[in-house]
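Trainee: Turn these sequences into a full structure, and let the hints steer you where they fit.
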Amino acid sequence: AQKVTQAQTEISVVEKEDVTLDCVYETRDTTYYLFWYKQPPSGELVFLIRRNSFDEQNEISGRYSWNFQKSTSSFNFTITASQVVDSAVYFCALSELYSGGGADGLTFGKGTHLIIQP
Amino acid sequence: NAGVTQTPKFRVLKTGQSMTLLCAQDMNHEYMYWYRQDPGMGLRLIHYSVGEGTTAKGEVPDGYNVSRLKKQNFLLGLESAAPSQTSVYFCASRTGGSQPQHFGDGTRLSIL
Numbered sequence: 001a002q003k004v005t006q007a008q009t010e011i012s013v014v015e016k017e018d019v020t021l022d023c024v025y026e027t028r029d030t031t032y033y034l035f036w037y038k039q040p041p042s043g044e045l046v047f048l049i050r051r052n053s054f055d056e057q058n059e060i061s062g063r064y065s066w067n068f069q070k071s072t073s074s075f076n077f078t079i080t081a082s083q084v085v086d087s088a089v090y091f092c093a094l095s096e097l098y099s100g101g102g103a104d105g106l107t108f109g110k111g112t113h114l115i116i117q118p
Numbered sequence: 001n002a003g004v005t006q007t008p009k010f011r012v013l014k015t016g017q018s019m020t021l022l023c024a025q026d027m028n029h030e031y032m033y034w035y036r037q038d039p040g041m042g043l044r045l046i047h048y049s050v051g052e053g054t055t056a057k058g059e060v061p062d063g064y065n066v067s068r069l070k071k072q073n074f075l076l077g078l079e080s081a082a083p084s085q086t087s088v089y090f091c092a093s094r095t096g097g098s099q100p101q102h103f104g105d106g107t108r109l110s111i112l
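Quick mapping for you: the protein sequence lines, in order, are chains A and B.
Take 1 as the starting number for the first sequence in my numbering and just add one per residue.
Take 1 as the starting number for the second sequence in my numbering and just add one per residue.
Hints were generated in silico from the structure; no laboratory data involved.
Here the structure is a predicted model, which is why all the values come from computation and not from measurement.
A portion of the hints provided could be inaccurate.
Dumping the calculated SDA-like pairs for lysine to any residue here, alpha-carbon to alpha-carbon at most 20 angstroms [as the list claims (entries may be wrong)]:
{"no.": "1", "chain 1": "A", "residue 1": "3", "chain 2": "B", "residue 2": "44"}
{"no.": "2", "chain 1": "A", "residue 1": "110", "chain 2": "A", "residue 2": "12"}
{"no.": "3", "chain 1": "A", "residue 1": "110", "chain 2": "B", "residue 2": "108"}
Mentor: Okay, here's the thing in structure tokens:
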């Protein structure tokens, strides 16, 4: 069965520091998708990125970057020069193409609560 | 620009009462999902639908029923609410091809 582990329950850093959120996943499928979602204090879930299992290129979007390594089954998320507005709960999620029943329901990690102090 | 709309946003029920949560999407998405979010547990899949008239069980389906009579709507029912069903419920939808799911703003449900 698929599993997503976010070992960091809570991280607190001072504004402008860089911070990395870890995500480790387990799957028996060779084709799968990984996602990161942000949940700010207002409660909604905001999609950040999707990565398929065949694309190990790192991605950068502004202050956000993602490091996907199949060899270690990890999909880590780094925020550079963090800001107070980055304070949120961040979820890593996995979708399996075949084992997931064909509907790609997401398996979520338990989330990392990121606190950016001014 | 509605996207995914969940109704109601908040609700308090007594044990044993029934209710239905409504999810409506205006993006013509085929796939729809219901998740629950509990403290320290992340989101867990309750039921999902791959198209109008179809439903299937997710990871934690017990105590819930769903219906997808219209493509744009996905209903989640609690026949006899229990305190263990106190949670925040999220609906999501997506188009095909493993595109990302779009989430509603959630329904906070308390069972006393």
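Trainee: It remains to establish, for every hint, whether it holds in the given structure.
Mentor: To see whether the hints hold, each was checked on the structure:
1. Of the supplied pair hints, the one linking residue 3 of chain A and residue 44 of chain B holds, its CA atoms being roughly 12 angstroms apart against a limit of 20 angstroms.
2. With a C-alpha separation of about 17 angstroms, the suggested pair residue 110 of chain A and residue 12 of chain A falls inside the 20 angstroms cut-off, and the hint holds.
3. Proposed proximity of residue 110 of chain A and residue 108 of chain B is supported: the alpha carbons are some 18 angstroms apart, at most 20 angstroms.
The structure shown violates none of the earlier numbered hints.
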